[in-house]
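Protein chains: 2
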Amino acid sequence: MALLSALTPVLVAVLCLVIGLMFVKSKSSEVKAQEKPKDFRPWVDQDLQDNTDVIERDDDDVEDYNEEKDLAHVPYSPPRYPVEAMVKRSQDFYSLMNQRRTVRFISPEPVPREVIDNVIHTAGTAPSGAHTEPWTFVVVSDPETKHQIRLIVEEEEEVNYRQRMGDKWVNDLARLKTNWIKEYLDVAPYLVLIFKQTYGILPNEKKKTHYYNEISVCISCGILLAALQNVGLVTVTSTPLNCGPQLRLLLKRPANEKLLMLLPVGYPASDATVPDLKRKHLDDIRVHI
Amino acid sequence: MALLSALTPVLVAVLCLVIGLMFVKSKSSEVKAQEKPKDFRPWVDQDLQDNTDVIERDDDDVEDYNEEKDLAHVPYSPPRYPVEAMVKRSQDFYSLMNQRRTVRFISPEPVPREVIDNVIHTAGTAPSGAHTEPWTFVVVSDPETKHQIRLIVEEEEEVNYRQRMGDKWVNDLARLKTNWIKEYLDVAPYLVLIFKQTYGILPNEKKKTHYYNEISVCISCGILLAALQNVGLVTVTSTPLNCGPQLRLLLKRPANEKLLMLLPVGYPASDATVPDLKRKHLDDIRVHI
Numbered sequence: 003m004a005l006l007s008a009l010t011p012v013l014v015a016v017l018c019l020v021i022g023l024m025f026v027k028s029k030s031s032e033v034k035a036q037e038k039p040k041d042f043r044p045w046v047d048q049d050l051q052d053n054t055d056v057i058e059r060d061d062d063d064v065e066d067y068n069e070e071k072d073l074a075h076v077p078y079s080p081p082r083y084p085v086e087a088m089v090k091r092s093q094d095f096y097s098l099m100n101q102r103r104t105v106r107f108i109s110p111e112p113v114p115r116e117v118i119d120n121v122i123h124t125a126g127t128a129p130s131g132a133h134t135e136p137w138t139f140v141v142v143s144d145p146e147t148k149h150q151i152r153l154i155v156e157e158e159e160e161v162n163y164r165q166r167m168g169d170k171w172v173n174d175l176a177r178l179k180t181n182w183i184k185e186y187l188d189v190a191p192y193l194v195l196i197f198k199q200t201y202g203i204l205p206n207e208k209k210k211t212h213y214y215n216e217i218s219v220c221i222s223c224g225i226l227l228a229a230l231q232n233v234g235l236v237t238v239t240s241t242p243l244n245c246g247p248q249l250r251l252l253l254k255r256p257a258n259e260k261l262l263m264l265l266p267v268g269y270p271a272s273d274a275t276v277p278d279l280k281r282k283h284l285d286d287i288r289v290h291i
Numbered sequence: 003m004a005l006l007s008a009l010t011p012v013l014v015a016v017l018c019l020v021i022g023l024m025f026v027k028s029k030s031s032e033v034k035a036q037e038k039p040k041d042f043r044p045w046v047d048q049d050l051q052d053n054t055d056v057i058e059r060d061d062d063d064v065e066d067y068n069e070e071k072d073l074a075h076v077p078y079s080p081p082r083y084p085v086e087a088m089v090k091r092s093q094d095f096y097s098l099m100n101q102r103r104t105v106r107f108i109s110p111e112p113v114p115r116e117v118i119d120n121v122i123h124t125a126g127t128a129p130s131g132a133h134t135e136p137w138t139f140v141v142v143s144d145p146e147t148k149h150q151i152r153l154i155v156e157e158e159e160e161v162n163y164r165q166r167m168g169d170k171w172v173n174d175l176a177r178l179k180t181n182w183i184k185e186y187l188d189v190a191p192y193l194v195l196i197f198k199q200t201y202g203i204l205p206n207e208k209k210k211t212h213y214y215n216e217i218s219v220c221i222s223c224g225i226l227l228a229a230l231q232n233v234g235l236v237t238v239t240s241t242p243l244n245c246g247p248q249l250r251l252l253l254k255r256p257a258n259e260k261l262l263m264l265l266p267v268g269y270p271a272s273d274a275t276v277p278d279l280k281r282k283h284l285d286d287i288r289v290h291i
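Quick note, the sequences are listed as chains A and B, same order. With the first letter of the first sequence counted as 1, position 263 gets the number 265 in this note's numbering; the numbers rise by one all the way through. With the first letter of the second sequence counted as 1, position 144 gets the number 146 in this note's numbering; the numbers rise by one all the way through.
Don't take every hint at face value.
Each pair may be met inside one copy or between any two copies, as identical chains are not told apart.
What the hints assert, rightly or not - Here are the simulated SDA-like pairs of lysine to any residue, each with C-alpha atoms no more than 20 Å apart in a straight line:
no.	residue 1	residue 2
1	Lys210	Lys282
2	Lys209	Phe107
3	Lys148	Asn100
4	Lys210	Glu156
5	Lys254	Asn100
6	Lys282	Ser109
7	Lys209	Glu185
8	Lys254	Asp286
9	Lys209	Leu279
10	Lys282	Arg152
11	Lys90	Arg115
12	Lys282	Ala74
13	Lys280	Val89
14	Lys208	Val189
15	Lys90	Pro145
The hints are simulated quantities; they were obtained by calculation from the structure and are not laboratory data.
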């Protein structure tokens with residue numbers, strides 16, 4: 003009894019330590035649990051993580067072409083237009099681009115492959131961080147692959163719509179269908195899937211960070227849209243984010259590539275319509291100082 | 003003594019609790035310390051945080067124009083070119099865009115304001131998430147403001163270069179200067195600062211989230227680069243991230259706008275040079291399925 007009494011402080015101390023350790027452990031697992039988003043799907047969500055926005059202080063400028071340092075410089079003298087021609091060209095290009103619209107009604111008519119190649123070649127002239135050219139354009143014309151893409155996109159879209167609409171709409175399938183069905187993914191002669199390369203592989207097989215890969219690929223996409231408009235083709239600029247990993251595997255793209263955009267491309271259908279949207283006036287988007 | 007002996011377990015328990023609490027507290031303050039980046043500058047770094055990459059599952063598609071739902075649809079029939087003309091147009095546009103280069107040697111010669119306005123008007127034809135048109139183009143031609151911008155950019159660049167180069171270069175000012183000096187910010191007739199509007203203001207003064215604002219503005223920037231190239235002007239596609247908050251205040255832009263890009267615009271200098279870079283071949287950027 004005396005021995006037990008002498009040991010009591012020790013026992014209490016051990017007990018407190020055990021309780022203390024459990025407390026600390028439960029705290030840290032709580033933190034881990036918070037990090038997981040609702041409906042965590044390891045395969046899908048982890049794949050979506052990339053380091054696009056991890057900007058190192060010493061690399062925060064697209065113009066900082068490290069690889070240029072050892073390159074020879076060559077004279078650059080592009081064509082120069084007289085002022086009048088310049089003004090006219092700027093007006094004409096505005097008029098052409100201002101006719102562009104997002105069009106969901108795409109004709110199944112074939113489009114010359116050469117035109118699509120030239121459009122993508124044009125997109126590849128975009129500037130990029132450290133001239134990494136971190137883009138891959140996957141052009142799908144195979145009907146079976148297009149259909150697989152449609153199934154993947156529609157499955158994700160269905161999840162999106164059901165979650166968005168809430169329980170009261172779940173049974174209203176007819177109404178929902180009009181929203182998540184993407185017929186143009188079967189119909190358009192081409193689907194252009196634009197991947198950003200989040201990193202590159204160095205000759206020594208180490209990873210090479212592609213800073214600004216998303217910004218660079220989006221700029222490239224802007225030039226691609228201009229090139230499509232220039233030849234009279236239409237598209238829908240869509241970003242099917244949650245389908246990226248599945249589409250990447252379907253198209254056998256490597257792990258460093260993430261799907262950024264999916265553009266169905268073709269002529270507009272003869273009965274195509276667009277919502278009667280207006281664009282902002284110049285004075286509402288431009289400030290002069 | 004018996005009382006003390008009886009109290010010993012209690013004292014030990016209290017002691018353990020105190021130690022346990024101190025341990026938990028030090029853990030959590032450790033976590034907080036880790037969250038702060040090195041050289042934390044509350045004003046600058048907090049301002050840089052935005053919600054561009056916080057994508058809600060129910061809004062993950064640029065093509066999802068909520069505001070279109072109540073809009074009338076109108077027929078859309080853009081010009082259609084015969085196949086031969088289409089191929090020719092795609093080739094010509096590729097040739098024109100393939101001449102584009104990032105040019106740091108910009109001529110001080112004046113450029114017609116009308117051309118710059120048309121170029122920005124063209125950039126404003128880009129698609130955007132929910133047709134929010136989340137861009138503001140600040141065109142600076144005032145010499146004093148250009149110089150202020152240069153001072154802000156160079157100050158940040160100096161920090162960047164010093165941190166990058168490490169202590170052994172700190173005294174080598176002459177060499178460093180060649181890197182962080184941006185003369186073109188004084189010289190170019192126009193500086194175009196492209197802001198993304200990270201959210202909008204609803205009529206009831208609540209915030210309206212602008213999903214995909216960064217992607218949309220980058221696409222717009224791609225179209226802007228195409229428009230500049232079309233009129234024979236050059237630029238440097240730069241993203242001076244750390245200067246954003248200071249430049250935003252200098253230019254009196256509201257808090258919902260974040261600087262995304264800074265483009266000095268003008269004719270190339272007569273002795274302009276560019277690094278002798280090559281672009282990837284079409285087969286290295288395009289996959290056909």
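The hints, checked one at a time:
Taking the shortest Cα distances, lysine 210 and lysine 282 sit within 20 Å of each other only across copies (17 Å), while inside one copy they are farther apart (41 Å). In this homomeric assembly, lysine 209 and phenylalanine 107 never come within 20 Å of each other (Cα to Cα): the closest approach is 42 Å inside a single copy and 33 Å across copies. In this assembly of identical chains, the alpha carbons of lysine 148 and asparagine 100 never lie at most 20 Å apart, being 30 Å within a copy and 30 Å across copies at closest. In this assembly of identical chains, the alpha carbons of lysine 210 and glutamate 156 never lie at most 20 Å apart, being 35 Å within a copy and 27 Å across copies at closest.
In this assembly of identical chains, lysine 254 and asparagine 100 lie within 20 Å of each other by CA distance neither inside one copy nor across copies; the values are 36 Å within and 29 Å between. Proximity of lysine 282 and serine 109 under a CA criterion of 20 Å is satisfied in neither setting, with 29 Å inside one chain copy and 32 Å between copies. Taking the shortest Cα distances, lysine 209 and glutamate 185 never come within 20 Å of each other, neither inside one copy (39 Å) nor across copies (34 Å). Taking the closest pair of Cα atoms, lysine 254 and aspartate 286 come within 20 Å of each other only across two copies (15 Å); inside a single copy the shortest separation is 44 Å, beyond that limit.
Taking CA atoms no more than 20 Å apart as the test, lysine 209 paired with leucine 279 passes in neither setting, with 45 Å inside one copy and 22 Å between copies. With identical chains, the CA atoms of lysine 282 and arginine 152 are never at most 20 Å apart, being 33 Å at best within one copy and 30 Å at best between copies. Taking the closest pair of Cα atoms, lysine 90 and arginine 115 come within 20 Å of each other only across two copies (13 Å); inside a single copy the shortest separation is 31 Å, beyond that limit. In the homo-oligomer, the alpha carbons of lysine 282 and alanine 74 lie at most 20 Å apart only across protomers (18 Å), although the nearest pairing inside one protomer, at 44 Å, exceeds that limit.
For a Cα distance limit of 20 Å, the shortest separation of lysine 280 from valine 89 qualifies neither inside one copy, at 24 Å, nor across copies, at 31 Å. In this assembly of identical chains, lysine 208 and valine 189 lie within 20 Å of each other by CA distance neither inside one copy nor across copies; the values are 41 Å within and 41 Å between. In this assembly of identical chains, the alpha carbons of lysine 90 and proline 145 never lie at most 20 Å apart, being 43 Å within a copy and 28 Å across copies at closest.
Checked against the numbered hints above, the structure breaks hints 2, 3, 4, 5, 6, 7, 9, 10, 13, 14, 15 and satisfies the rest.
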